[in-house]
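Participant: Chain by chain, the residues:
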Amino acid sequence: MSPYAERPPRNFWKTGIPRNEIGNIRDLYHRKFEISASDRIATAGSCFAQHITARLRASGYDVMDMEPAPPWLPEGVLRDHGYGLFSARYGNIYTARQLLQLARESMGEATPARTVWDRKGRYYDSQRPAVDPRGLDSREEVLALRLEHLRQVRRMFANMDVFVFTLGLTEAWMSSDGSTVYPTAPGTIAGKFQASDYVFHNFTFDEIVSDLEAFRDLVGQNNPDFRMILTVSPVPLTATATDDHVLSASTYSKSVLRAVAGHMASMHESIEYFPSFELISSHVAQGKFFNENLRTVNTEGVEAAMRMFLQQHPVLDKHRARAFDQTERVADPLDEETRCEDELLEAFAK
Amino acid sequence: MTGTTRVCVLGNSHLASMKSGWEQVSDHTDGYELTFFGAPKAMMDDLVLEGRFLVPQTDKLKAKLRIFSEGSDKVDLKRVDAFIIVGLQFGPRRIAQLYRSHRSMAFEWREPLRELSPMAEKDEPVTAISERLFSEALVAGLTDTMAVRLIENIQSVTERPVYLVSAPFFSELALETGDWDTVIGAGDVSRLAQRYRKFVRHAVPGDVTLILPPNRMIRHGFFTAKEFAVPALDDGFQDLVHANADYGAAMLRTVLANMRKAALTQKDAQAA
Numbered sequence: 000m001s002p003y004a005e006r007p008p009r010n011f012w013k014t015g016i017p018r019n020e021i022g023n024i025r026d027l028y029h030r031k032f033e034i035s036a037s038d039r040i041a042t043a044g045s046c047f048a049q050h051i052t053a054r055l056r057a058s059g060y061d062v063m064d065m066e067p068a069p070p071w072l073p074e075g076v077l078r079d080h081g082y083g084l085f086s087a088r089y090g091n092i093y094t095a096r097q098l099l100q101l102a103r104e105s106m107g108e109a110t111p112a113r114t115v116w117d118r119k120g121r122y123y124d125s126q127r128p129a130v131d132p133r134g135l136d137s138r139e140e141v142l143a144l145r146l147e148h149l150r151q152v153r154r155m156f157a158n159m160d161v162f163v164f165t166l167g168l169t170e171a172w173m174s175s176d177g178s179t180v181y182p183t184a185p186g187t188i189a190g191k192f193q194a195s196d197y198v199f200h201n202f203t204f205d206e207i208v209s210d211l212e213a214f215r216d217l218v219g220q221n222n223p224d225f226r227m228i229l230t231v232s233p234v235p236l237t238a239t240a241t242d243d244h245v246l247s248a249s250t251y252s253k254s255v256l257r258a259v260a261g262h263m264a265s266m267h268e269s270i271e272y273f274p275s276f277e278l279i280s281s282h283v284a285q286g287k288f289f290n291e292n293l294r295t296v297n298t299e300g301v302e303a304a305m306r307m308f309l310q311q312h313p314v315l316d317k318h319r320a321r322a323f324d325q326t327e328r329v330a331d332p333l334d335e336e337t338r339c340e341d342e343l344l345e346a347f348a349k
Numbered sequence: 000m001t002g003t004t005r006v007c008v009l010g011n012s013h014l015a016s017m018k019s020g021w022e023q024v025s026d027h028t029d030g031y032e033l034t035f036f037g038a039p040k041a042m043m044d045d046l047v048l049e050g051r052f053l054v055p056q057t058d059k060l061k062a063k064l065r066i067f068s069e070g071s072d073k074v075d076l077k078r079v080d081a082f083i084i085v086g087l088q089f090g091p092r093r094i095a096q097l098y099r100s101h102r103s104m105a106f107e108w109r110e111p112l113r114e115l116s117p118m119a120e121k122d123e124p125v126t127a128i129s130e131r132l133f134s135e136a137l138v139a140g141l142t143d144t145m146a147v148r149l150i151e152n153i154q155s156v157t158e159r160p161v162y163l164v165s166a167p168f169f170s171e172l173a174l175e176t177g178d179w180d181t182v183i184g185a186g187d188v189s190r191l192a193q194r195y196r197k198f199v200r201h202a203v204p205g206d207v208t209l210i211l212p213p214n215r216m217i218r219h220g221f222f223t224a225k226e227f228a229v230p231a232l233d234d235g236f237q238d239l240v241h242a243n244a245d246y247g248a249a250m251l252r253t254v255l256a257n258m259r260k261a262a263l264t265q266k267d268a269q270a271a
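These protein sequence lines map, in sequence, to chains G and D.
The numbering of the first sequence is numbering that gives the first Met the number 0, which starts it at 0 and goes up by one.
The numbering of the second sequence is numbering that gives the first Met the number 0, which starts it at 0 and goes up by one.
Read the hints as simulated data drawn from the structure, not as lab findings.
Among the hints, erroneous ones may be present.
[Said to hold, decoys possible] Far from chain D by the CB rule (all over 10 Å, computed), these chain G residues:
hint, residue
1, Glu-5
2, Arg-133
3, Asp-242
4, Leu-293
[Said to hold, decoys possible] A partial selection of chain D residues facing chain G, derived with a Cβ cut-off under 8 Å:
hint, residue
5, Leu-48
6, Ser-71
7, Met-104
Please read these numbers as outputs of a predicted model, since none were measured by experiment.
Glycine is no exception: its CB is placed at the ideal position from the N, C-alpha and C atoms.
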C-alpha cells in the first residue's frame with residue numbers, strides 16, 4: 000500500500016484545492032491551540048499585521064492596547080500617530096531582529112544606537128519614526144516618550160497570552176557596528192543616510208531563526224506560557240537594496256520568512272504558523288487578492304485570511320464582535336490605509 | 000441694535016448660576032432682555048436647527064425649555080440680538096478628562112488620578128503622549144462639544160454676536176479633600192491651567208467672544224474661588240462642578256460689558 004493512501008483529502012492537490020472556490024481552501028489551516036475568551040492577544044509586525052489586529056478586535060478578541068489613543072481626535076489623525084494599529088505604539092516591526100531588539104530594550108538589556116533622528120528642526124524616534132509624523136519638539140521629549148513606550152511594551156510582553164507576529168522583511172538597515180537595526184532606511188522619514196554610519200543587511204534563515212528563538216527565550220523568562228502565532232506578510236517588497244530585481248528580492252525574502260515560520264512552528268508546540276501568506280499570494284488565488292498595484296492586499300484578501308482564522312478560532316464574544324461571514328463584509332478601517340513606512344521608498348523610484 | 004437688546008442665553012446645568020445671577024444684575028442693567036433656554040447634561044443636543052428656529056426634538060427637552068424660559072420652547076434665531084452660550088461641555092473639565100488618561104512629558108505626576116474618575120479602576124494606566132498631541136486633543140475635545148455645535152447652528156442662520164461663557168473651573172472646595180495635593184505639589188495644576196488658557200481659544204469658532212472668569216475668581220489658576228462655589232447641601236453633598244449666583248452675576252456683567260463695548264464700536268464705525 001502506498002504511504003499516501005491514508006492521507007486526508009487536504010494532502011492532495013486535486014481535493015485540497017477545489018476549483019471555483021478561491022479564498023475558501025478548506026483545511027488549509029489547522030489550529031495548534033485554542034484561544035480562549037480570557038486570552039490577551041498582542042500583535043506586532045509589518046503593515047499586513049495591522050489588518051489582522053483590526054479584524055481580531057472586530058471579531059471580539061481581547062487584543063491588548065497598551066497605549067490607548069487620546070480622546071476626541073479624528074481616527075485618521077490617530078492612525079497617523081500609530082494608535083490602534085498594534086498592541087502598542089511601536090509602528091511596523093518588519094524584521095525578527097527589530098522585534099528582538101525591542102524586547103531587549105524594553106527589558107533594559109540593550110540601547111539602540113542613534114535613538115533620535117532629526118529633520119528640519121524636528122525630532123524623531125529612529126525605532127518608530129512614523130508614529131509622530133511631524134516629529135517632536137526636542138530630543139529630550141523623544142527619549143522621555145520612548146522610555147514610557149518601553150514600559151508599556153515590557154508590560155505587554157509580560158502579560159500577553161498569545162503573540163501574533165507577522166514577519167515582513169529580511170532586508171534592513173543597521174548601524175555600521177551591527178548593533179542596531181532600524182525599521183526604515185535613514186533619510187526616508189527622518190535622519191540622514193551616511194554610508195559610514197549605516198549598513199544594509201539581508202537576514203538569512205539562520206539569523207532569523209536565531210532571533211526568534213532569542214525573543215522567545217527572553218520573553219519567556221517573565222512569561223513562560225505565552226504562545227505565538229506566526230504569519231508571513233503576503234505584501235511584496237516596495238523596493239530592494241540588493242542588486243536583484245525587486246521580484247527576485249521579494250521572492251527570496253518571503254521564501255526565507257515562510258521557511259522560518261514553518262521551522263519555528265515545527266520546533267515548538269507553543270508556536271503555530273497561520274498560512275495567510277499562501278492563501279493570498281499563491282497562484283491558486285490568481286492574483287485576485289491584490290490591489291491594482293499587485294502589491295497591497297485588497298479587502299477580499301484580508302477577509303479570506305481572517306475567515307480562515309475564524310473557522311478555527313470562532314468568534315468568542317458575540318456582543319463585542321461585528322458580523323463576519325462570507326456574505327457580510329466587515330468595513331475594514333484600514334482599507335487602503337495601512338500605515339507602511341516602506342511604501343515611502345516608492346518616492347525614490349525613477 | 001437700538002432700544003432693548005434681546006439676548007438669548009442657552010446652556011446646560013451651568014445656566015442656573017447665570018439665571019440666578021441675572022436676578023442680581025437685572026435691576027442695574029437697562030436695555031437688555033434676557034431669555035434663558037436650558038436643560039441638564041446632554042439634553043441640549045436634541046435642540047436642532049429647523050430653518051430659522053432651534054427646535055427641541057423630545058418632549059422632555061421641550062418641557063425643560065419651557066420651565067427655564069418661562070413659556071417658550073423654541074428659539075427664533077432671527078429675533079435675537081445676541082446669544083450667550085453657557086457651558087454645554089465647553090470648559091476646563093475637558094483638560095481634566097484628558098489629564099486623567101493622557102499626559103505629556105511636561106507633567107510631573109505619573110500616577111492615575113482617581114478623584115477625576117471615581118469609577119475608574121485603581122490601576123487604570125496613564126498614557127504618555129507628546130506635548131503637541133496633548134494640545135491637539137484638548138482643542139479637539141473643546142471643539143467636540145454641544146456648545147460649539149450649537150454655535151455653528153446659530154451662525155449658519157444669523158450674524159448676531161455670540162458670547163461663549165466657559166463652564167466654571169472645579170470648586171476650590173475640592174482642595175479640602177486633599178485629593179489634589181499631589182497634583183498641586185507636582186506643579187501639574189499650574190501646567191493644566193496654563194495649557195487651558197493657552198489653547199481654549201483655539202476651539203472657539205470664528206467671531207465668537209470667549210468669556211473666561213477673571214483671575215480674582217480663580218485659585219491656583221484652575222479652581223473657582225470658594226466664595227463663588229455652591230455650598231454643601233444639608234446631607235453633606237458637595238457640588239464641586241457648578242458655581243453660585245454671584246459667579247453667574249459676575250460673568251453676566253462681563254458679557255454685558257463686552258456687548259456694550261461692541262455696540263459702541265459698531266456705532267463709531269457707522270458714524271465714521
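Participant: Once the closest CB in chain D is found, is it more than 10 Å from G/Leu-293?
Facilitator: holds (36 Å)
Participant: Regarding the assertion that G/Arg-133 does not contact chain D, is the least Cβ-Cβ distance greater than 10 Å?
Facilitator: violated (7 Å)
Participant: Per the stated criterion, does the least C-beta distance between G/Glu-5 and chain D lie above 10 Å, as a non-interface residue requires?
Facilitator: holds (54 Å)
Participant: Let me know if the C-beta of D/Met-104 comes in closer than 8 Å to any C-beta of chain G, holds or violated.
Facilitator: With Cβ-Cβ at 4 Å, under 8 Å, it holds.
Participant: Holds or violated: D/Ser-71 as interface residue toward chain G, Cβ cutoff 8 Å?
Facilitator: At 33 Å from the nearest chain G Cβ, D/Ser-71 fails the 8 Å test, so the hint is violated.
Participant: Should the hint that D/Leu-48 touches chain G count as held when the rule is a Cβ pair under 8 Å?
Facilitator: Result: violated, 23 Å to nearest chain G Cβ.
Participant: Taking the minimum C-beta separation from G/Asp-242 to chain D, is that value above 10 Å?
Facilitator: About 40 Å separates G/Asp-242 from the closest Cβ of chain D, which puts it past 10 Å; holds.
Hints 2, 5 and 6 from the earlier list are contradicted by this structure; the remaining hints agree with it.
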